[in-house]
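Peer 1: As given, the protein sequences belong to chains A and B, one line each in that order. Read in numbering that gives the first Met the number 0, the first sequence has 296 at position 297, and its numbers run on one by one without any break. Read in numbering that gives the first Met the number 0, the second sequence has 204 at position 205, and its numbers run on one by one without any break.
Each hint should be verified, as a subset may be incorrect.
Repeated chains share a single entry, so a pair holds when one copy, or any two copies, can fit it.
Within a straight-line C-alpha distance of at most 25 Å, the following computed DSS-like cross-link-like pairs (lysine-lysine) qualify [as the list claims (entries may be wrong)]:
#, residue 1, residue 2
1, LYS82, LYS279
2, LYS20, LYS61
3, LYS363, LYS201
4, LYS8, LYS20
5, LYS283, LYS126
6, LYS207, LYS245
7, LYS170, LYS245
8, LYS8, LYS201
In case anyone wonders, no lab produced these hints; they're calculated from the structure.
Protein chains: 2
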Amino acid sequence: MKVYQELSKEELLDKKAELEKAYEDAKGKGLKLDMSRGKPATSQLDMEMDFMDILNSRSDMKTEGGVDVRNYGLPDGTPEAKKLLGDMMGVKPENVVVYGNASLTIMYDTVSRSMTHGVLGSTPWCKLDQVKFLCPAPGYDRHFSITQHFGIDMVTVPMTPAGPDMDLVEKLVAEDASIKGIWCVPKYSNPQGYTYSDETVKRMAALKPAAADFRIFWDNAYAVHHLYDSADRQDQLLEILSECEKAGNPDMVYEFCSTSKVTFAGSGISAIASSEANLKEVRKSLTIQTIGYDKVNQLRHVRYFKDINGIKEHMKKHAALMRPKFEAVLKVLDEELTGLGIGTWTRPNGGYFISFDSMEGCAKAIVAKCKEAGVTLTGAGASYPYGVDPRDSNIRIAPSYPTQEEMAMATDLFVLCVKLASVEKLLESK
Amino acid sequence: MKVYQELSKEELLDKKAELEKAYEDAKGKGLKLDMSRGKPATSQLDMEMDFMDILNSRSDMKTEGGVDVRNYGLPDGTPEAKKLLGDMMGVKPENVVVYGNASLTIMYDTVSRSMTHGVLGSTPWCKLDQVKFLCPAPGYDRHFSITQHFGIDMVTVPMTPAGPDMDLVEKLVAEDASIKGIWCVPKYSNPQGYTYSDETVKRMAALKPAAADFRIFWDNAYAVHHLYDSADRQDQLLEILSECEKAGNPDMVYEFCSTSKVTFAGSGISAIASSEANLKEVRKSLTIQTIGYDKVNQLRHVRYFKDINGIKEHMKKHAALMRPKFEAVLKVLDEELTGLGIGTWTRPNGGYFISFDSMEGCAKAIVAKCKEAGVTLTGAGASYPYGVDPRDSNIRIAPSYPTQEEMAMATDLFVLCVKLASVEKLLESK
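Okay, chain A solo, but in the shape it has when bound (with noise of 0.2 Å):
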């Protein structure tokens, strides 16, 4: 086997033919396939019906501390929730203050707040002439649209298997004050499934940032989201508050946590952790914010799982589940993509994506290929901030929603499309 590239103008040119023949033939399968986003599987949620009845009509539905569920207080969580997100993070319950449904909220919150009333003291954002934030790539689409909505610039960093360039954080974060965050995907990261290494923690709690408002966001959303059950092959995060304290730096991170993927999508809890001083100021504002987040929902996660053992074994269910779709699609790649020399991929030991890199200047007609054909890939381009792929190579790839068997036949096209995507790309330069 050849790489592409070694491959001459005619020996592409027959390659092209037959990679057509068999797209057209794809095309009359009529598939209708989504692996855009990050969605649960039906049977991931049917799976998890018990939930749906561990809170009925003859249900003490007082904490432990004896408050009842079902009326105000208690707004910045119970102590049982707070207990129990905080174990999913490794945190003190102290340190965390419970939200609603779904952390993203959380976090444009965090950045809404900062923009209207600063940070600690500090001007409010909306008053300066300039803020950025940095913004790891590929990374999460979501993350980048909270920024860009806020008129916050995005300064693009690379991703590393060990986390984002730290030399680079480094440097920028301590050069230019208007820095004031960064976003990040520390543990199965969106999209690559990577895991930040202790060093790259230990530096990012030791930066030395120039404005004293700038914050590590740490979106801990695949905190337990493993794939394997035998150690070896989960991967571990430093906890990065008390990594924070060591450095001197206890304020400088928030970090963000939900059951979204853990129960149902979107009635899940969430929390934020962080620091006595940066959570003083986060219920100062929810006090005026809500009257309280739902707390029947609180108490319904609580009982469920009991305590994060509960939480882990519910989650090797899922991993159950979650692998089989994610070794199919590895099959295919690795079958017919090794050696080609069109593409790389990941292997991640948990979380919800494989992130896929092309030939440069190949993802978005790859993309339109597929979509023409009846599977839909997340954007071209969604992983970087603007949505903009300097390279055009990045593509993420959803095992979670489509079933295994739909998993293969959709990576089977998409393999097709990367083939005669590159193909062409290749015969450009002819």
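Starting from the known structure of chain A, fit chain B onto it as the hints suggest.
Peer 2: Coordinates of chain B only, in the frame set by chain A:
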């Protein structure tokens, strides 16, 4: 019986001695009652525990249109939830966007978005030198907290039994382009229980504000919270969206509602109703801000009530519990204070509060005396912007949480404190 103002110094001193003795006796009773906030009573929450049985592991978790509520999707709410909450407000489902567990958060959010992004293309309010809101007062303290939190200047407008003083409102909004909003609780107002007259609603809808981004914040919190079943004792509120449209001001109002005081406090569903143009802006922001709100809880509410008639029937049960408490308060006030010239009070047909006005300069003293003897009232002044009642006379009574018997006891103490504080006040000038 003489009005207190006509009593001689001697008579006042006698009365004072007598009241002080009664007050000391009352303190000895060791009361511990909370009339400070509009919290539902435990008996009310117990009564609706069948709500917890509506969904279980055997439930069909799809909307009528076939969308799985356990997964992502429908970020602006399920069609059925839009219909249900729309019917609560008397507006079409297409004018509704469903949010999370409480409407206060939507109001905060709406002000916050206007601060950072303006309104339909206007300058973001945070970029303006001055932003003002009209605050009909006495009013809802949490409204005033939101505007204060964002540094918005609050201009007090007197309330009348027919709503805010509309002559003043019309004059102010026409003259001053820095006035960007007005807070309204148009039905069973907090704290008086007043309902805006048809004329008030029509004049409100026909305002000619100097600011194109002026908005009416129409908090229809007590839309279905009647205290009486008979139609002649149920206040009717004109539907404002269509009035605004008729008056050529289709975009001038945001209406808010929730089920926080229909099902469980803090675990309800909530909505904003507005024009297509306004909702387009809301949705644009929501797409960035959230992956959608809790649709499982939307489904739970829709299945429980079925339709607006289900809500109406349900609220009759609330009324049966609330009415005796209101009547217990009114009975004591009527019997003990009528004709004394030291207080006036409202007789609402619905809502959660009774508003009491003492002689000028007595409210703080009354609240303090009640507190000392074990009855907590909302802080005096809370119903005014910045927590300052210029006459120090308004007190909000919240009869919902204690039992009927407790309410009677608490009101006995209250009238005692009113008398004592009034006598002390009158003696100051003798």
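Peer 1: Any hints this thing doesn't respect? Which numbers, in order?
Peer 2: Violated: hints 2, 3, 8.
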